[in-house]
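*Asks:* Just so you know, the protein sequences line up as chains A, B and C, in that order. 241 is the number of the first residue of the first sequence in our numbering; add one for each residue after it. 492 is the number of the first residue of the second sequence in our numbering; add one for each residue after it. 198 is the number of the first residue of the third sequence in our numbering; add one for each residue after it.
Please note that the accuracy of each hint is not assured.
Said to hold, decoys possible - Footprint (simulated), chain B over chain A, 3 or more residues, beta carbon under 8 Å:
#1 399–409
#2 507–521
As the list claims (entries may be wrong) - Short, incomplete list of chain B residues facing chain C, as computed with Cβ under 10 Å:
#3 Ala-671
#4 Ala-672
#5 Pro-761
Since the hints were derived computationally from the structure, they do not count as laboratory data. Glycine included, every Cβ here is placed at the ideal spot set by N, Cα and C.
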Amino acid sequence: MLTRIVTAYSPRFHGVAISVAAIVLAFATASVLLLAGGVNPIVAYVGMAKAAFGSLFAISVTVNKSLPRLLPALGIALSLRAGLWNIGAEGQLYIGAVACAAVALFVPPPAFPFGVLLALAAAAAAGAVWAAIPGVLRAFRGVSEVITSLMLVYVGIQVANYLIEGPWLVPHSTFPATRMFGSAFRLPILMSGTLLNAGVIVALVAAYAFHFITSRTMFGLWLRAVGGNERASRVIGLPVPWITVAAMAAGGAFAGLGGAVEILGVRGRLLESFSPGYGFQAIAIALLGRLTPTGIVASALVFGALEAGGAGLQVTSVGMSSSVAAIIEGLAVIYLLAGLGLVDAVQRRRAAKAELGKQQLPAAASVPRHDNGAGS
Amino acid sequence: MTLTALTLLIAATIGLAAPLLFAALGEMISERGGAINVGLEAMMLAGAFTGVWAASSSGSLIIGFLGAAAGGAAVALLHGVVCFVFGAEQVVSGVVLNILVLGLTTYGIGAVFGSDMTHSVPTLPNFPVPGLSGIPFLGQAFFTQNLMVYVAFLLVPASAWFISRTKFGLAIRASGEQPAAARSMGVDVRKVRWIVLLLCGALAGVGGGQLTLAGLGTFTQNVTAGRGFIALAAVIFGRWQPLGTMIAVLLFTLTEALQIRAQVMGIHVPYQFLVMSPYLVTVVALALFVGRMRPPKSLGVND
Amino acid sequence: MGLGVHDDSVLLQAEGITKAFPGVLANADVTFDLRKGEIHALLGQNGAGKTTLMAILFGLQRADSGEIRIGGRVADIRTPHDAIQSGIGFVQQHYSLIPTLTVVENVLLSEYYGVGRNFSRAACASRIAGLAKRYGLDVDPFATIEQLSISEQQRVELIKALLGDPKILILDEPAALLSAREIDRLWEVLRNLAVQGVGIILISHKLSDVLRVADRITVLRQGRKIITMTAAEADEKRLGQLMIGDLKHAAAGAAAPSAVVSGKTILAVKNLTVAGDRGGDAVKVISLDVRAGEILGIAGLDGSGQAELLEAIAGVRFAESGQVFLGGEDITRLPVFGRQRKGIAYVPPDRHADGLIRSLSVAENLSLGPAVWPPASRHGILQRANVAERANALIARFNVAASSPDVLAGTLSGGNQQKVILARELSRSPAVILCCYPTRGLDFAACSAVHEELRRCRARNAGVVVVSMDLDELIDLADRIVVMQGGRITGETASASASAVEIGVMMGGGSAC
Numbered sequence: 241m242l243t244r245i246v247t248a249y250s251p252r253f254h255g256v257a258i259s260v261a262a263i264v265l266a267f268a269t270a271s272v273l274l275l276a277g278g279v280n281p282i283v284a285y286v287g288m289a290k291a292a293f294g295s296l297f298a299i300s301v302t303v304n305k306s307l308p309r310l311l312p313a314l315g316i317a318l319s320l321r322a323g324l325w326n327i328g329a330e331g332q333l334y335i336g337a338v339a340c341a342a343v344a345l346f347v348p349p350p351a352f353p354f355g356v357l358l359a360l361a362a363a364a365a366a367g368a369v370w371a372a373i374p375g376v377l378r379a380f381r382g383v384s385e386v387i388t389s390l391m392l393v394y395v396g397i398q399v400a401n402y403l404i405e406g407p408w409l410v411p412h413s414t415f416p417a418t419r420m421f422g423s424a425f426r427l428p429i430l431m432s433g434t435l436l437n438a439g440v441i442v443a444l445v446a447a448y449a450f451h452f453i454t455s456r457t458m459f460g461l462w463l464r465a466v467g468g469n470e471r472a473s474r475v476i477g478l479p480v481p482w483i484t485v486a487a488m489a490a491g492g493a494f495a496g497l498g499g500a501v502e503i504l505g506v507r508g509r510l511l512e513s514f515s516p517g518y519g520f521q522a523i524a525i526a527l528l529g530r531l532t533p534t535g536i537v538a539s540a541l542v543f544g545a546l547e548a549g550g551a552g553l554q555v556t557s558v559g560m561s562s563s564v565a566a567i568i569e570g571l572a573v574i575y576l577l578a579g580l581g582l583v584d585a586v587q588r589r590r591a592a593k594a595e596l597g598k599q600q601l602p603a604a605a606s607v608p609r610h611d612n613g614a615g616s
Numbered sequence: 492m493t494l495t496a497l498t499l500l501i502a503a504t505i506g507l508a509a510p511l512l513f514a515a516l517g518e519m520i521s522e523r524g525g526a527i528n529v530g531l532e533a534m535m536l537a538g539a540f541t542g543v544w545a546a547s548s549s550g551s552l553i554i555g556f557l558g559a560a561a562g563g564a565a566v567a568l569l570h571g572v573v574c575f576v577f578g579a580e581q582v583v584s585g586v587v588l589n590i591l592v593l594g595l596t597t598y599g600i601g602a603v604f605g606s607d608m609t610h611s612v613p614t615l616p617n618f619p620v621p622g623l624s625g626i627p628f629l630g631q632a633f634f635t636q637n638l639m640v641y642v643a644f645l646l647v648p649a650s651a652w653f654i655s656r657t658k659f660g661l662a663i664r665a666s667g668e669q670p671a672a673a674r675s676m677g678v679d680v681r682k683v684r685w686i687v688l689l690l691c692g693a694l695a696g697v698g699g700g701q702l703t704l705a706g707l708g709t710f711t712q713n714v715t716a717g718r719g720f721i722a723l724a725a726v727i728f729g730r731w732q733p734l735g736t737m738i739a740v741l742l743f744t745l746t747e748a749l750q751i752r753a754q755v756m757g758i759h760v761p762y763q764f765l766v767m768s769p770y771l772v773t774v775v776a777l778a779l780f781v782g783r784m785r786p787p788k789s790l791g792v793n794d
Numbered sequence: 198m199g200l201g202v203h204d205d206s207v208l209l210q211a212e213g214i215t216k217a218f219p220g221v222l223a224n225a226d227v228t229f230d231l232r233k234g235e236i237h238a239l240l241g242q243n244g245a246g247k248t249t250l251m252a253i254l255f256g257l258q259r260a261d262s263g264e265i266r267i268g269g270r271v272a273d274i275r276t277p278h279d280a281i282q283s284g285i286g287f288v289q290q291h292y293s294l295i296p297t298l299t300v301v302e303n304v305l306l307s308e309y310y311g312v313g314r315n316f317s318r319a320a321c322a323s324r325i326a327g328l329a330k331r332y333g334l335d336v337d338p339f340a341t342i343e344q345l346s347i348s349e350q351q352r353v354e355l356i357k358a359l360l361g362d363p364k365i366l367i368l369d370e371p372a373a374l375l376s377a378r379e380i381d382r383l384w385e386v387l388r389n390l391a392v393q394g395v396g397i398i399l400i401s402h403k404l405s406d407v408l409r410v411a412d413r414i415t416v417l418r419q420g421r422k423i424i425t426m427t428a429a430e431a432d433e434k435r436l437g438q439l440m441i442g443d444l445k446h447a448a449a450g451a452a453a454p455s456a457v458v459s460g461k462t463i464l465a466v467k468n469l470t471v472a473g474d475r476g477g478d479a480v481k482v483i484s485l486d487v488r489a490g491e492i493l494g495i496a497g498l499d500g501s502g503q504a505e506l507l508e509a510i511a512g513v514r515f516a517e518s519g520q521v522f523l524g525g526e527d528i529t530r531l532p533v534f535g536r537q538r539k540g541i542a543y544v545p546p547d548r549h550a551d552g553l554i555r556s557l558s559v560a561e562n563l564s565l566g567p568a569v570w571p572p573a574s575r576h577g578i579l580q581r582a583n584v585a586e587r588a589n590a591l592i593a594r595f596n597v598a599a600s601s602p603d604v605l606a607g608t609l610s611g612g613n614q615q616k617v618i619l620a621r622e623l624s625r626s627p628a629v630i631l632c633c634y635p636t637r638g639l640d641f642a643a644c645s646a647v648h649e650e651l652r653r654c655r656a657r658n659a660g661v662v663v664v665s666m667d668l669d670e671l672i673d674l675a676d677r678i679v680v681m682q683g684g685r686i687t688g689e690t691a692s693a694s695a696s697a698v699e700i701g702v703m704m705g706g707g708s709a710c
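The following block holds chain A by itself, in its conformation from the complex (with noise of 0.2 Å):
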C-alpha cells in the first residue's frame, strides 16, 4: 500500500496527461449539470475565465486564491511522500493564522519586513505543532494520522473562534473579527492597480523549498524512503518515528503559512471561517498535481481561478457558483482516480502476463537452483 502511494500519485505513473484529461472531464461533466440547470454551459465558462484571467486585476484575484490553497498542498504532498495522510492541513491552517494574528496584534511593529516575517515564522511554527501532535501519536503510539489530525481540524477552528468572538474582538463590535493590522505586518502589495501581494513571494519559496527538500536534502531521501517501505527503513536504520513527526510536523509548517498568507496578505485580519476549506481542497491539489511543485502549483492556480471565476459564472442564486466549483474539483479527483486505476490494472495485467511467460518447465529438472529451501 505505501509503495503504491509514492509510486502512483507521482507522475512517473503516466504523467501529468491523467490529470489534464480528468480535469477536461470534470468540467465536461459538470457542463451538463449546468444545462440541466438552465444555465449555457459555455457561456457560464467563458465567463468563468473572464472573470479570473480577463484582466491584471482579475489575474491577481486568481493567483490571490491559490495560494492559500497552494501552500497546504505542499504540506500534504510532502508528509505523503512519507506515507502520511495529513488530512488535518485546514486545522493547521486556522492555527498559523492565529499564530500570526497573536504576533501582529501583540507584538510592537518592527521594522519592515520584520514584522511580516516574524508573523509568518509564527504560523509555520504553531502549523507545524498543531501537524506534529498526530505525528506524535502515530509514531510512538500507533493511532491513525488520519482520524487525530482530521479531529484537530475542529479544534483548531474552535480555537480560533474563541479568540476571534472573545479576548481579540474588535471592542463594542458584534463583526467577528478582530482589528486590522499594522502595515508593519502585512504582505505589501506588489503591483499597483493589482491586488498581487507579497503572499505570492512566500508560495514561490516554499515551492522551491519543497523542491529542495525533497530532491536535494537527506531528509527528503529519508521520507521517500519511509513512504516506500517502513519496515525496510527501520531495518536499515533510518530513525522512523523521528521522520514521521518530522515530516508530519514539516507538512504542518507549509499549512499554518497557507493560513498566514490569506491572512496577512489578503484579509489584514483573523476572522472567522475565513477559510472555505482550503485545507481540504488541497488534498485534492495535491494529488491532481501529483505530488509535484509544478504540478501544485498548476493545480491550485486551476481551483483559485475556479473561486475567482465564480463571479463570472453567471448563475442565479447565491452560493451556485462556489457550488459548480466545488463540483467540478470533487469530479476532477474521481476522473483521476479512475484513471489511476485503470492504468494500474493495465499493467498489473500486464506483469502477470509477462511473469507467465517467464515460467518455463526447466530443462534440466534434475539440477534444483541453489535454493536455500526457498520453496517447499
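Put chains B and C on the given structure of chain A with help from the hints.
*Replies:* Chains B and C in isolation, oriented as in the chain A frame:
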C-alpha cells in the same frame, strides 16, 4: 437549574441525538467490517437533501425518509466504486466526496427547488408514547419525541444483536479483523464490505433526513455542518460498540445542547470549548488509551 | 498396484507426484501411501517438498503429474473443498483463526461447518463438546481465541478439521510451538484418533517426536522420496543422515578456513531471550560468542529462531532479556542506528520486504543509513557528485549488474539486489556482519560473489555470522558451526570436522553425542 429547564435540556439532547445516532451506528457497522468513511458527512448531507426532495415531490414523509436513505446509499455506492474498483485509499475518497456532495447539494437547492430557496416541508410531529409520556418529568424528557427518534434508539440494541448474534454479523466482524483468515474460511470479504458500506450510507442518509425532515423542515446549504465528523468521533470514542457509541453520541449532543443554554444555566465556559470537546476528547482517548481502544484490525485497509 | 482387489486398509495412495515451480523442482516422482489407523510421519528439511506434497493432497496446489487414489478410487482434488469432500482434513502450521471472535464463532465461520447449515451457537457448541469428549480436545467454546494458549488454539484448529469427519488427517508441524507436556497431550489425541481408524500424516522435522509417535516414517530430500520405513527400523542417527544426505564437502576437504582463529571476542550474546511473532519465545536463553576474524555459521531448520536471533542482535527486534556486547561494550539499549554506528551490519533474510527500498534508485539505496552521511550529505544536503561517485564505485566493486546507478532498485534481479544490500552494509567496514540466508534464491555466480565478500570481511578481522539452511554452504564458508533447534543451541562443531550425521541429529533436536 429548574426541573423544567433540565427536562427541556434532556428532551432537546435526545432529539438532537437522533440524526447523529443513525449515522454513528451505520458507521460503527461499517468500521467493524473494516471500512472507514471519512465521507460520512457527505452521506448525511446527501440524505438531508434527497430526503427533502423526495418528501416535497411526493408529499409523504415516508417517501422522504426512503429518499434520504437512497441519497446516502448513492454516495456510499460512489465511495465503494472509487475504493474497491478504482483502488483509491478510503481516506482520499472520503475527503473528495465531502467536497463533491457539498457542491452538488448546494447546486441542487437552486436547480431542484428553483428560486424557492426555503422550500419547506411539513416536519415530523411529536409522537408521545401512550402511557409513558404521561410520567411527570421523565415522560416529557424521554417519551415525547418524534417517531424516528425512537427508531434511532431502538437501532442500538438492534445493531448490537445484528453484529454479535447473526451469521452476517459474524462475517462482518471477521472481515474487519482478519480478512485473510476470513477469506480462507469461505467468507466473501469484498461482498461483506460492499454491503456494510451501503448500509452505512443508507443509515447516514436517514440521519441527514432526520435532521431536515424531523427538525428544520427545509434544506439549507451545508445543513449538516460537520455532524458527520462528530459521528466518526463518536464511533471511536464509543470503542466501536453499539452501547458505547450511543453514550458517546448522547455526550456529544449534550455539549451541543449546552452551548445554547450555557449562559442561561450559569455555566461560564466559552461555548467554543463545548463545540470542540467531542473532537478533543476523542483525540485524548486515542492518545491515552491506545491499549483499550482497539479498532478492528483491518480498519481502512482496502484489500 | 492397479488391478486386483483394493486393500481395504490403505486409505490413500499418491503415485508419481511431480510438481515444479519456476526454477525449483518441489516434488519429483514421489510415491506415498497411508494406511488406516496409522500415524505416518513425513520427515525432511525445508525445501524437501513436504509442504508441497500436502498442499497437493489438500487441493491448494495441483500436481504437474501423478495420481492420487483415495479408498482405491482416483481422486481429482482441485480445491480444498474437494479435499474435504474426499475425507481429508488439514491442520496447517499457521492457524487461520480470528483472535477477537470466540471458538464457536470461528468454527461457525469455517467452511468445514458449511455456511447455511444450522446457524445456532448452541448446536455448534454442543458439537464442539461432543468432539472434544470423543478425542480429548478440551477447550472452552465461548472463550475468544486471543484468550487461548497456542496449544488450545491448535485444538480449535483440530476441531475445525474434525468436523468434516475426515478419514485422513494431515498435521503440519503441530509440535512446533508446544511445550513438552502439551506435545504429550497432542500425541495422546492423535493416538486416540488413530485407534478410531483415522489415518494421520504428520509433517515434522523433530526426530525425537517422530520416533515417539509414528508408525511409519517417510523421508523426503530435495523433492524426492528417499525411503519409507517402519518406526522399528529407524533411529535418530539414521534419520538425521537420510534427511541431509551426503555433504559435498566431506569433513576433511573443506576449503581452508583461516588459520586457528585467535582474535578477541568481538560480539558476545548473553542469555538472550526473544519473543516470537506467534506467542512463545523464538529464542530461549541463548549465549554465544563471535571472535574477530571468524565466520560463525548458524545451522538449523527454518523456524528454529535463527532469524529472530539475528534481528535481536541487530536491534530490529526487541529482546525480552539478555544482553549484547560489541567489542566489550553493552549495546543492548541502543536502537538500530545506534548499533550500526558502533559497527554492526545486518543483511535481512527477506531482501524484498526488508532489505531495500524498491522505489528508490540504487544510488539512493546506497546512500541510506547513518554511517553514510558525510560525504554523501553535508549538513543534510545531498552531495550529488559524491553520491554518484560512491554509487559507481560500489557498483563496480560488488559487480552489480545495473545499467546506471539511477535505476530503481526494484528492477534489479534478486542476486543484484542482494549485492546492493551487501554493498550498502559492507561499505562502512563494520566490525560485525550478520547475514540471514544471504544466498537464498541466488544463482551460482552470485553466491560465489557473496561468499567472496564475506571472506574478505573475515580477512580484515570482522566477525561474521551467517545463518543458512544449506549445510554445504556453511561448511564451506564458516569456521565454526552452531546448530539451533526450537530456539536453543543444540550443538556446535568446527566446520573442519563436521559430519552430516551429527549435524542432522542436532538439527532434529537431538543432542550430538
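*Asks:* Tell me if chain B covers the segment 507–521 of chain A under the three-residue, 8 Å CB rule, please?
*Replies:* Our answer is that it holds, as 3 residues pass the Cβ test (under 8 Å) against chain B, meeting three.
*Asks:* Ala-672 (chain B) was flagged as interface toward chain C. Is the shortest Cβ-Cβ separation under 10 Å?
*Replies:* Holds: closest Cβ of chain C sits about 4 Å from Ala-672 (chain B), inside 10 Å.
*Asks:* Verify this for me: three or more residues of the segment 399–409 of chain A with a beta carbon less than 8 Å from a beta carbon of chain B.
*Replies:* Holds: 5 residues of the segment 399–409 of chain A have a Cβ under 8 Å from chain B.
*Asks:* Let me know if the C-beta of Pro-761 (chain B) comes in closer than 10 Å to any C-beta of chain C, holds or violated.
*Replies:* violated, 41 Å
*Asks:* Hey, does the Ala-671 (chain B) contact hint survive, CB to chain C under 10 Å?
*Replies:* Since the shortest Cβ distance to chain C is 8 Å, the answer is holds.
Of the numbered hints given earlier, the model fails hint 5 alone.
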